[in-house]
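S.K.: Counting with the numbering used here, you get residues -17 to 70 for the letters of the sequence shown.
Hint data in this document are derived by calculation from the structure and do not stem from the laboratory.
Note that beta-carbon positions come from the ideal geometry of N, C-alpha and C, so glycine has one too.
It cannot be assumed that every hint is accurate.
Simulated crosslink set (DSSO-like; lysine-lysine; CA at most 27 Å straight-line) [stated by the list, open to error]:
#	residue 1	residue 2
1	K60	K42
2	K53	K40
3	K60	K40
4	K42	K20
5	K23	K53
6	K34	K23
7	K19	K53
8	K60	K20
9	K42	K23
10	K26	K60
11	K34	K60
12	K60	K23
13	K42	K19
14	K26	K53
15	K34	K53
16	K42	K53
What follows is a list of derived Cβ distance ranges for each label pair [stated by the list, open to error]:
#	residue 1	residue 2	range
17	P30	I67	15 to 23 Å
18	P27	A(-16)	29 to 37 Å
19	H(-15)	P27	34 to 42 Å
20	N38	L61	16 to 24 Å
21	H(-15)	Q46	32 to 40 Å
22	S58	H(-15)	20 to 28 Å
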Amino acid sequence: MAHVVYIAYLLECADGTLYAGWTTDIVRRLEEHNGSKKGAKYTKPRRPVVLKYSENFKTKEEAQRREYALKQLTRSEKLQLFAAILTP
C-alpha cells in the first residue's frame, strides 16, 4: 500500500498576495491553481501562482493544522519563512 504524504503549502500570486493550502499531490494542485477549473476561487483571478514553501506531514490533520497556522501568520512572518528556507 502506498504511503500518502500530506503537504501544507504557501503560494505567491501574480498580484503579490500569499495563499495557504494543503494537498496530497503538490504538482497536481499547483496545476489546478494555475489553470484548471478546480483551482481555488482566491487564486483563479491572481494567476500565475508560484510555490514558495511546502512542508510534509504524515496525517491530514497535521497538514490542516499547519495550513491554519500559516494563514494566521502576518505577511512579514511568511516572507521571513521564505527567507529562512533560502538561507544556508
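S.K.: Broken hints, numbered, in rising order?
M.R.: 21 and 22
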